[in-house]
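Trainee: Sequence:
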Amino acid sequence: MRHIHCLNNISAKGTELLTDAYTLSDDALTAEGILVRSAAMHDMEFGEDLLAIARAGAGVNNIPLERCAKEGIVVFNTPGANANAVKELVLCALLLGSRGIVDGISWCKDNADDETIAKSAEKAKKAFAGREIAGKRLGVIGLGAIGALVANAAIDLGMDVYGYDPYVSVGAAWRLNPAVRHAPELADIFANCDYITIHVPALPNTIGMIDDDAIAQMQDGVVFLNFSRDTLVNNDAMAAGLASGKVGAYITDFATPEVMRMEHAIVLPHLGASTEEAEDNCAKMAVRQMMAYLETGAIVNSVNFPACTLGALAAGCARIAVLRANDAEVLGRAELVLRDQGITVQSSVDVTRGDTAYTVYDVTDADTVDSAAQALSDWDGIYKVRVIR
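For the sequence shown, position 48 (counting from the first letter as 1) is numbered 57 according to the working numbering, and the numbering increases by one without interruption.
Calculated from the structure, these hints are not laboratory results.
Among the clues, some could well be false.
Below, in silico cross-link-like pairs of lysine to aspartate or glutamate (DMTMM-like), each with a Cα-Cα straight-line distance of 25 Å or less [as the list claims (entries may be wrong)]: (1) K255 - D221; (2) K135 - D122; (3) K79 - E57; (4) K135 - D119; (5) K293 - E97; (6) K393 - D376; (7) K255 - D245; (8) K255 - D222; (9) K393 - D364; (10) K255 - D169; (11) K255 - D239; (12) K393 - D58; (13) K255 - E272; (14) K22 - E41; (15) K393 - E57; (16) K79 - D389; (17) K393 - E75; (18) K134 - D119; (19) K255 - D220; (20) K145 - D169; (21) K293 - E25; (22) K79 - E41; (23) K135 - D123.
Fair warning: this is a prediction, and the values are worked out from it, not measured in the lab.
With the hints as extra help, turn the sequences into a complete structure.
Mentor: Written out as structure tokens, the structure is:
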């Protein structure tokens, strides 16, 4: 029986996918798999049996990825599972940034006791007049799962859409509406667009990328949307842009003390993926990926080890799965150990990603495979070895 621990409440639509070979456990230290949403894991102690952590969501800043890699723990996320929920909120933000909706609602609440509010509203509404988004130019920075959906939806709403992503995948490119214009440089987005929305991960080269220089290149009165990560925007630069009128409005899903002090900022309490459907989709994706890894060794959507698609294990064979450092000497040593143990390798797969690698051997010597796996585990640079039957 495999023990799975949930650090957060995980949608039952996901956990109900677990077969009779699994049980939900209250003890994280004895679990082979952990399902998590937002719980902080950096200070957690991990049990010796832990093989996988699956994050029901895209961001993994709450998980110690490097430590997990060194301990042979595969970390999964669920990219795209909540993409539609975020897309819909971004479309809402486009309208909030173009019409005086928020101020108009506030006016109505403030004047709720006015017996002639209907007549008063006719006079007051001119203060909340806005503009239509049809025919306006939208710049989309990042054309992954969410950015592509936003770009396509904006085309359908009659906007002129520019997309920038130097790392766009072939699959993402195929999913884009051909009417989306390719922006070869980020500066093209800044210079040409009335609205800009950002959909990139928080990495060393993207944190703070919306700074004084970037804002200076934007059109006067630009509406900027951030439903990706709060750290992508330099708060001092955005505050200055809003105060000067260079930025007409800043709509963000990240409430921080700095943002709350900004004038003309519309701030939401991180609602992007907060829909029942998104939580269900993320949970189901996380559970399926974890089960596939625990049962067959296949890795899909890991953030600290390379992807590896494996076929079914042949009858009479065993599978030796080796998580290791991406080092040719380590790989050569592993193969030497198998030869010394008299192991016959029927087939093998070796994939690498940055500093980590994953090597899988399907072997016919099922009776001696455990001793071979133990011999492999004793070498530096090999993080974890397990046998799958």
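Trainee: For each hint, tell me whether it holds in the structure or not.
Mentor: Now the hints, each set against the structure:
Restraint check for K255 and D221: the C-alpha separation of about 11 Å stays at or below 25 Å, so the hint holds. For the hint linking K135 to D122, the alpha-carbon distance of about 21 Å falls within 25 Å, and the restraint holds. For a cut-off of 25 Å, the pair hint linking K79 to E57 stands: about 13 Å separates their Cα positions. This hinted pair checks out: K135 and D119 have alpha carbons roughly 17 Å apart, not beyond 25 Å.
A C-alpha spacing of about 21 Å is found between K293 and E97, which places the hinted pair at or below 25 Å, so the restraint holds. For the suggested pair K393 and D376, the alpha carbons sit about 20 Å apart, so the restraint of at most 25 Å is met. Restraint check for K255 and D245: the C-alpha separation of about 14 Å stays at or below 25 Å, so the hint holds. Our distance criterion of 25 Å between C-alpha atoms is met by K255 and D222, whose separation comes to about 12 Å.
Only pairs whose Cα atoms come within 25 Å are accepted, and K393 paired with D364 is accepted, the gap being roughly 15 Å. Between the alpha carbons of K255 and D169 the distance comes to roughly 21 Å, so the proposed pair stays at or under 25 Å and holds. Between K255 and D239, the direct Cα distance comes to roughly 20 Å. Compliance with the 25 Å bound is thereby established for this hinted pair. Of the pairs offered as hints, the one joining K393 and D58 holds, with about 11 Å between alpha carbons and a cut-off of 25 Å not exceeded.
For the hint linking K255 to E272, the alpha-carbon distance of about 12 Å falls within 25 Å, and the restraint holds. The straight-line distance between the Cα atoms of K22 and E41 is roughly 20 Å, inside the 25 Å bound, and the hint therefore holds. A C-alpha spacing of about 10 Å is found between K393 and E57, which places the hinted pair at or below 25 Å, so the restraint holds. Taking the CA atoms of K79 and D389, the gap is about 11 Å. The hint holds against a cut of 25 Å.
A hinted pair counts as satisfied when its Cα atoms are at most 25 Å apart, and K393 with E75 qualifies at roughly 14 Å. Straight-line distance between C-alpha atoms of K134 and D119 comes to about 14 Å, which keeps the hinted pair within the 25 Å bound. About 13 Å separates the Cα atoms of K255 and D220, which keeps this hinted pair within 25 Å; it holds. Restraint check for K145 and D169: the C-alpha separation of about 6 Å stays at or below 25 Å, so the hint holds.
In summary, the hint linking K293 to E25 is supported, as the alpha carbons are separated by about 9 Å, within the 25 Å threshold. As the CA atoms of K79 and E41 are separated by approximately 16 Å, the hinted pair is consistent with the 25 Å bound. For the suggested pair K135 and D123, the alpha carbons sit about 18 Å apart, so the restraint of at most 25 Å is met.
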